[in-house]
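Start from the sequences and build out the full structure, keeping to the hints where you can.
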Amino acid sequence: MSFLNSVFSTKWLDRGDQAGSRTMPFVLLLLVVTFLASFCNLALPADSVFYVSTYTITLLGKYLCYAMLALAVDIIWGYCGILSLGHGAFFALGGYAMGMYLMRQIGDRGVYGNPELPDFMVFLNWTELPWFWQGMDQFWVAMVMVALVPGLLAYVFGWLAFRSRVTGVYLSIITQALTYALLLSFFRNEMGFGGNNGLTDFKDILGFSLQEDSTRIGLFITTALMLSLVLIASHAILKSRFGKVIVAIRDGEDRARFIGYRTERYKVWLFVYSAVIAGVAGALYVPQVGIINPGEFSPVNSIEIVIWVAVGGRGTLIGAVIGAILVNYAKTRFTAIMPDGWLFALGALFVLVTLYLPKGIMGLFDQFNERRNKNKAVDVQETAS
Amino acid sequence: MSIIDSALDNTRETFRRDQVWSFLKEKEVSVDVSHQIILYIEGLSVSFDGFKALNDMNLYINDGELRCLIGANGAGKTTLMDVITGKTQCDEGSVYFGQTHNLLEKDEAEISQLGIGRKFQKPTVFEAHTVLDNLELSLKTNKGVIPTLLARLSSTEILKIDEVLETIGLKDHRMMLAGSLSHGQKQWLEIGMLLVSEPRLLLVDEPVAGMTAQETEHTAELLKSLAGDHTVVVVEHDMEFVRSIAKTVTVLHQGSVLAEGTMDEVQNNAAVREVYLGDES
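In order, the protein sequences belong to chains A and B. Its first residue numbered 19, the first sequence is counted upward by one per residue in the numbering used here. Its first residue numbered 1207, the second sequence is counted upward by one per residue in the numbering used here.
Each hint should be verified, as a subset may be incorrect.
[Stated by the list, open to error] For each label pair, taking beta carbons as the anchor points, the in silico distance ranges come out as:
1. D1368/B x T185/A: 47 to 55 Å
2. M1382/B x A251/A: 53 to 61 Å
3. A1419/B x L46/A: 49 to 57 Å
[Unchecked claim] Selected chain A positions facing chain B (in silico; Cβ < 10 Å):
4. N215
5. K221
6. I223
7. G225
8. I255
9. K262
10. V265
11. G270
12. D272
13. I277
14. Y284
If you're looking for bench data, these hints aren't it; they were derived computationally from the structure. In this text, all values refer to a predicted model and were calculated from it rather than measured experimentally. Cβ atoms here follow ideal geometry from the backbone N, Cα and C, with glycine treated the same way.
Encoded structure:
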């Protein structure tokens, strides 16, 4: 009951001065753009000026998945000060869970036509499905796994790390090692996840063909809705007293402990929440790009996410979303012009943001707002005098 | 018919609206002070890399008293507070809160929930939070993850916070970020955070550092008014301040208790004059 109360009494459209108060307007904007883009794809003829190609839709869907991943990192880094350099691992695990479901959906349409085993298992001369592939042909089982596997890994990892009071750089290094270890193990064929090639060649999801425009639109809209949901939920969580404790832990963990909060528990649960979001983002990503392979575990990917958040502005929720979309748009453009130059550009971007925009794009917005308000105040004073 | 009636009665009795099931009630922490002593520190030793920060220290704090601890740098004052609040592990000895709570077995959060509040030497408040939020976080409530997620300020809690804001003189600054307060105001806020948590025992480390003469006087008044309902242990360098508040003073030297008594007794103690107050006489 008190939960319902807290849901209803939260001022959703509150536009206060606090960071994160722009969440609701932003969600509205996001949904409007999503439906507009979908409409322009489905209803307009292909030669219209306003026609949005299916390629663009898929690209946007991909950006939104990245945005969700960035949001997961922002929650843990921006609000709790835990710099995770391994969130790519949770993203990839969620993606693999979805990939396994999609693999099983192929059925006997694979190259070898085996109704039970995915192609790569036939190729490896396996005769039966490994135990962890059982039940993954059920959509709901796969969806449970999408949340459960990253969540469980985050719980065990977080419990060990936070209980031993590992913080700062050491924690970042361990998360980096975690994703690297998973990268190496998923490369092995014996792991049963398709080794080097990963899982691909998907045919359909829930009976809808992945090649159809309508399916792609559906996935795009689902991603936008999930992102909105996660934004709203995270906003509510971080605005609650729980969220205040999280920020308190960031700014003075010892003090929070001496006030009586078991800080490691707070950190573990926030970490789990963040990992589940990353997993869901991965699960939405895989059907849209059509492949998941161990490359997603690569440490570089995880570091890139941190840059998205830094560019957007950490500790603001929507900053992470904006950062992820902008940087990835830049990446798409840049790699088309100068494929080898991207990593240099990314590095330069990180240095520039750290030096000149410590609060990211959102910080820039705030500065403009402040200046405008100040000017207004000066105007009022001048007219008064 | 009567079966239904009795069943209904039973149900009504089980789900009585005027009371809460006992297992849902929060357990009140009871501190056994039947011997008038709230804190027992016996044979306590702590060493860091061979340096004995505390050396076989014995100290008893009476319930409701205001005790001042003085001593030169390195006498072990802060280490003692660290051990009591669970931050530092000790090598030997025992620390009991009342007669039943062994503090050495508990972690910081549990000790705090027993009712031991601490104010640090350097004011530590949550700078990114408003004054109000700082106080809200310090309230004496259930500090579990789920209760905190669903918590809302109740009207009694708001009254409590208002009262404390009045006491610490930050009423007009409640929506200000704690980070933008002055040094003295931060000290006050931290004292306020202690007050809203309604502790049994307050450990206060150098409360008047960086305060003006007027603020110092105000602090002295406050600490004196707290003693009685609460037990207050103050660590302080400022002799004037100690003289103005303390009935009993304990002098620490090289990790153990050197002397104990009223300010005058302590100042006239030969051993104390030699090691600590020597330069003043």
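Hint check, G270/A versus chain B [nearest Cβ-Cβ separation less than 10 Å]: With a minimum Cβ separation of about 5 Å from chain B (threshold 10 Å), the hint on G270/A holds.
I255/A as chain B interface residue, shortest Cβ-Cβ below 10 Å: Hint on I255/A: holds, closest Cβ of chain B at ~7 Å, below 10 Å.
Restraint outcome when K262/A is required to lie within 10 Å of chain B by C-beta distance: 5 Å, holds
Given hint D272/A near chain B, where the shortest CB pair must fall under 10 Å: With Cβ-Cβ at 7 Å, under 10 Å, it holds.
Supplied contact hint for I223/A, tested at 10 Å Cβ to chain B: 34 Å, violated
Interface hint compliance - Y284/A to chain B, C-beta minimum distance less than 10 Å: For Y284/A, the interface hint holds, since the closest Cβ of chain B sits about 6 Å away, which is under 10 Å.
Closest C-beta approach of K221/A to chain B relative to 10 Å, hint status: For K221/A, the interface hint is violated, since the closest Cβ of chain B sits about 42 Å away, which is over 10 Å.
Evaluation of the interface hint that places N215/A against chain B, nearest CB under 10 Å: 42 Å, violated
Assessment of proposed distance window 53 to 61 Å (beta carbons of M1382/B, A251/A): The hinted range 53 to 61 Å is violated for M1382/B and A251/A, with Cβ atoms some 29 Å apart.
Hint check, G225/A versus chain B [nearest Cβ-Cβ separation less than 10 Å]: For G225/A, the interface hint is violated, since the closest Cβ of chain B sits about 38 Å away, which is over 10 Å.
V265/A as chain B interface residue, shortest Cβ-Cβ below 10 Å: Holds, about 6 Å.
D1368/B paired with T185/A, Cβ distance criterion 47 to 55 Å: 36 Å, violated
Figure legend: structure checked against the earlier numbered hints; hints not met, in rising order: 1, 2, 4, 5, 6 and 7.
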